[in-house]
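**Q** Next come the chains, spelled out residue by residue.
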Amino acid sequence: MSHFTPVAALLGGLLVGGAALWCWLALGRVAGISGILAGAMPGRGPEAGWRLAFLLGLVLAAPLFALAGGTVPVPQMAASPVVLVVAGLLVGFGTRLGRGCTSGHGICGLARLSPRSLAATLVFMASAMATVFVSRHLLGG
Amino acid sequence: MLVLLAALGAGLLFGLGLTVAAMVDPAKVLGFLDLAGDWDPSLALVMAGAIPLAALGQALGRRRGRPLLAAAFQPLPTGGPDRPLLLGAMLFGVGWGLVGLCPGPALATLTLGLWQGWLFVAAMLVGMAGHAVWRRRRA
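Line order of the protein sequences matches chains U and Z. Start counting the first sequence at 0; every next residue gets the next number (numbering that gives the first Met the number 0). Start counting the second sequence at 0; every next residue gets the next number (numbering that gives the first Met the number 0).
Extracted from the complex, chain Z is given alone in its bound form (with noise of 0.2 Å):
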């Protein structure tokens, strides 16, 4: 009960974040993303405000050796790039430059009365079904 109220509030924290930084709205991130037009850098900001949290919580994390709701943490890969990771991250760049909507936001925009965020958010829960069929094939 405790670990879905903790992941309640990461989320709720999550999603007030997106909304205060206006990343639920697509017409904002393809600003960022569209350097030969009227550039707007604020996504870079969000990145620049997240991140060093981020890194706390993972220095935090490693001094206290375990979570406080969980008994270890998430195993982390850890090496290099391999063919897939580059291959997923430019077809995923595709498909956000397109619309202007990475998988948080889409989500987030569900609640805001859009027909076109559950469109978006339909077909991302296709391809992700579509890449688990496509690997069990190929194992």
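Pulled out of the complex, with its shape left as it was, chain U reads as follows (with noise of 0.2 Å):
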């Protein structure tokens, strides 16, 4: 567990869970990410514009963090340009399938206690766990 950070992870996720409160308490939607990305898109209606300024917010966060004078971890990334295809295809289908991700299930559907949200939260945890063990372990990558 060397590289365990409880006192960031845990500062970090009280963030996240505000942004959710203050989604869900001043405009009654959940703060799932592939649901606001997908709603996005064109085409979608009058959902759309807050959709597309929560997204704003999202990229602009770690850039105006910087400029505050805070830390951004610089992203470790060794996947292949075909590997993060294939991985992003999935993500992009899989999470409009399931009907959410980790924000959307892990955090606000479980807050809810929603048993659909809790069946989605382990089943991508375990597949993800699985793929990390396959690739890592048994493949070696």
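Hints may be right or wrong, so weigh each one.
Examples of chain Z residues toward chain U, derived with CB under 8 Å [claimed, not checked]:
| hint | residue |
| --- | --- |
| 1 | Gly8 |
| 2 | Leu12 |
| 3 | Asp33 |
| 4 | Thr108 |
| 5 | Leu118 |
| 6 | Val132 |
Computed footprint of chain Z on chain U, listed as stretches where at least three residues anywhere in the stretch have a Cβ under 8 Å from a Cβ of chain Z [claimed, not checked]:
| hint | region |
| --- | --- |
| 7 | 64-74 |
| 8 | 87-99 |
Hints were generated in silico from the structure; no laboratory data involved. Glycine included, C-beta positions come from ideal geometry on N, C-alpha and C.
With the hints as a guide, bring the two chains together.
**A** Below is the structure:
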């Protein structure tokens, strides 16, 4: 557990939870990123506006934090272009078919004790862990 | 206008949380998913911090009856899991485990100057559009 960062993780989690609280209380909408992104596509009607504003905030947060003097982690991505494309396709298709991702099911859904979200979260955690086990320890990627 | 500002604020707060928790770094996420390696429980603590506040928001919303800036709360599905939900979650998990990016962090990496994030997000949008086309054909 040499990389464990409990304080930063808990603090970041409180901020993410605060965003989910505010999104529900102010807008009456679930802060599920895959749903917000899919619903912000052209032709999605009046609900696209708030979603685009949310996404703008999401992508601006890290550079603004850096401008304010915060330390932004440098993402480490070793995956090849082919793996990136395959993974992106799976995440895009899977989150629509499964009606949510880590935020919508894993945070907002679990918070309201939804049996659907609990099942989805257990399944995507298990399949992600199995995928990492196979790629890192069996195939040695 | 107020709705857009509120949504912008929610997105900023969400992205700030992902940044502070270093969830924008796929290596950090893979460290959580790699139970057989040098396990990093950080992602579990992100969820432990986020879930109670999300639950508080729902409780406050129930008490208030309607959102501050909208006519009504979004209707949410009830009942148990069905096959598309489980299959979709499984496919999503495989993609998540391959790279360590789920939709929120993937979008947040777009402004961190890596081409990999852009390629991943482009493929993710194609996957979402592919699902919409597939659903329309089946309907």
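**Q** Measuring from the C-beta of Z:Leu118 to each C-beta in chain U, is the shortest one below 8 Å?
**A** holds (5 Å)
**Q** For the hint on Z:Val132, just tell me whether its beta-carbon gets within less than 8 Å of chain U.
**A** Given a least distance of 10 Å, the restraint on Z:Val132 is violated.
**Q** Taking the least C-beta to C-beta distance, is Z:Thr108 closer than 8 Å to chain U?
**A** holds (5 Å)
**Q** For the restraint on Z:Gly8, tell me whether the closest CB of chain U is nearer than 8 Å.
**A** At about 7 Å, which falls below the 8 Å cut-off, the nearest Cβ of chain U leaves the hint on Z:Gly8 intact, so it holds.
**Q** Go through the hint on Z:Leu12 and say holds or violated, using the shortest Cβ distance to chain U against 8 Å.
**A** holds (4 Å)
**Q** How does the coverage statement for the region 87-99 of chain U fare against chain Z, requiring three or more residues with Cβ below 8 Å from a Cβ of that chain?
**A** With 12 residues closer than 8 Å to chain Z, the region 87-99 of chain U meets the three-residue bar; holds.
**Q** Against chain U, is Z:Asp33 within 8 Å by beta-carbon distance?
**A** Since the shortest Cβ distance to chain U is 5 Å, the answer is holds.
**Q** Quick check: do three or more residues in the region 64-74 of chain U have a beta carbon closer than 8 Å to a beta carbon of chain Z?
**A** Satisfied; 6 residues make the cut.
Going through the hint list in order, the structure does not satisfy hint 6, though it satisfies all others.
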